[in-house]
Amino acid sequence: MTIKVLAFAGSPRRHGNSETLLDWVLAPMAMDPEVAVEKVPLTEANINICRGCNACEKLNKCVQRDGMDIYHDKIVDADIILLSSPIFCMGIASLPKALIDRMQVFRSRKYVLKLPVVPPERKGKRLGTFLSTAGQDWPHVFDAAIPSVKCFYHVIDIKDADISYLMINNVDETGAIEKHRTAKADAEKLGKAMLTEIKKRLAA
1 MTIKVLAFAG
11 SPRRHGNSET
21 LLDWVLAPMA
31 MDPEVAVEKV
41 PLTEANINIC
51 RGCNACEKLN
61 KCVQRDGMDI
71 YHDKIVDADI
81 ILLSSPIFCM
91 GIASLPKALI
101 DRMQVFRSRK
111 YVLKLPVVPP
121 ERKGKRLGTF
131 LSTAGQDWPH
141 VFDAAIPSVK
151 CFYHVIDIKD
161 ADISYLMINN
171 VDETGAIEKH
181 RTAKADAEKL
191 GKAMLTEIKK
201 RLAA
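The UniProt record's numbering puts the first residue of the sequence shown at 1, with every later residue one more than the last.
Think of the hints as simulated: they come from the structure by calculation, not from any bench. Every residue gets a Cβ at the ideal spot worked out from N, C-alpha and C, and that includes glycine. A couple of the hints might just be wrong.
Computed list of lysine to aspartate or glutamate pairs in DMTMM-like fashion (alpha-carbon distance at most 20 Å, straight line) [what the hints assert, rightly or not]: (1) K4 to E121; (2) K74 to D143; (3) K97 to D143; (4) K199 to E188; (5) K58 to D101; (6) K125 to E34; (7) K97 to D73; (8) K159 to D77; (9) K199 to D66; (10) K123 to D160; (11) K74 to E34; (12) K123 to D73; (13) K74 to D101; (14) K189 to E34; (15) K179 to E57; (16) K4 to E38; (17) K61 to D101.
Distance windows between CB atoms, simulated [unchecked claim]: (18) M31 to M90: 32 to 40 Å; (19) D73 to T174: 31 to 39 Å; (20) E34 to E57: 32 to 40 Å; (21) G124 to K179: 35 to 43 Å; (22) L113 to T174: 43 to 51 Å; (23) K192 to L113: 33 to 41 Å; (24) K114 to T174: 16 to 24 Å; (25) P120 to K179: 40 to 48 Å; (26) K114 to P33: 38 to 46 Å; (27) I49 to K199: 35 to 43 Å; (28) M90 to M1: 37 to 45 Å; (29) A144 to K114: 26 to 34 Å; (30) K192 to K114: 37 to 45 Å.
Working from the sequences, and respecting the hints, build out all of it.
Following this line, the structure appears as structure tokens:
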């Protein structure tokens, strides 16, 4: 069985600090022959903002035809879903926030239409990770992003206990993450740990 890993790189700046952190987590996964890794730069994903029309409460799908036509199914199929974002103005950046808002379809499916998001046999077997970087060195700089991230994973049936976080502050300029004392090692360790855990769950 192929383990499917879906990673969303959320920064408007390609190959910046948050995407580098994501790449470090993905590296040990990509080396495993049992794993298929797909990284999606949200700058190239063609994901529109949610219109708030609530048509998905009746249609079980979005009325918009854009990149989410592809990524809705990929989100359901993935065993591990990673989301990276820099912190902008004390919150999650606009591209990943647009992705999160488009999860309204799954919210409608789950709570209004009372339909499953994933098959019952896959519930509790998926993992999520949020990776973030911030220029400020304040310990609370990530606080405002966390509720949106939890909402994203909750509506796609990844519970709080199955979400991992790696958030590095005080890395502002391009490439600053490369100079961080522990970020790369912590990221690689997280990637390996997630791989070990998902194999255990899928084998159960």
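Hints, verified against the model:
1. K4 to E121: It holds: about 16 Å lies between the C-alpha atoms, which stays within 20 Å.
2. K74 to D143: 28 Å, violated
3. K97 to D143: 15 Å, holds
4. K199 to E188: It holds: about 17 Å lies between the C-alpha atoms, which stays within 20 Å.
5. K58 to D101: Measuring from Cα to Cα gives roughly 18 Å; hence the hint holds.
6. K125 to E34: Measuring from Cα to Cα gives roughly 17 Å; hence the hint holds.
7. K97 to D73: 19 Å, holds
8. K159 to D77: At roughly 16 Å apart (the allowed maximum being 20 Å), D77 and K159 satisfy the hint.
9. K199 to D66: 33 Å, violated
10. K123 to D160: Holds, at about 13 Å.
11. K74 to E34: Holds, at about 18 Å.
12. K123 to D73: 16 Å, holds
13. K74 to D101: Given that 20 Å is the threshold and the Cα spacing comes to 17 Å, the pair holds.
14. K189 to E34: 18 Å, holds
15. K179 to E57: With Cα atoms ~47 Å apart, K179 and E57 exceed 20 Å; violated.
16. K4 to E38: Since the Cα atoms of K4 and E38 sit roughly 8 Å apart, the hinted pair holds (cutoff 20 Å).
17. K61 to D101: Holds: K61 and D101 sit about 14 Å apart, inside 20 Å.
18. M31 to M90: 32 to 40 Å: Holds - the Cβ-Cβ distance for M31 and M90, about 36 Å, lies within 32 to 40 Å.
19. D73 to T174: 31 to 39 Å: 34 Å, holds
20. E34 to E57: 32 to 40 Å: Cβ of E34 to Cβ of E57: about 38 Å, so the range 32 to 40 Å holds.
21. G124 to K179: 35 to 43 Å: 39 Å, holds
22. L113 to T174: 43 to 51 Å: With Cβ atoms ~44 Å apart, the hint holds.
23. K192 to L113: 33 to 41 Å: 38 Å Cβ-Cβ, so the 33 to 41 Å window holds.
24. K114 to T174: 16 to 24 Å: 47 Å, violated
25. P120 to K179: 40 to 48 Å: 46 Å, holds
26. K114 to P33: 38 to 46 Å: About 39 Å separates the Cβ atoms of K114 and P33, which means 38 to 46 Å holds.
27. I49 to K199: 35 to 43 Å: 37 Å, holds
28. M90 to M1: 37 to 45 Å: Check passed, 41 Å falls within 37 to 45 Å.
29. A144 to K114: 26 to 34 Å: Since A144 and K114 have Cβ atoms about 31 Å apart, the given range 26 to 34 Å holds.
30. K192 to K114: 37 to 45 Å: 38 Å, holds
In summary, the numbered hints that this structure violates are 2, 9, 15, 24.
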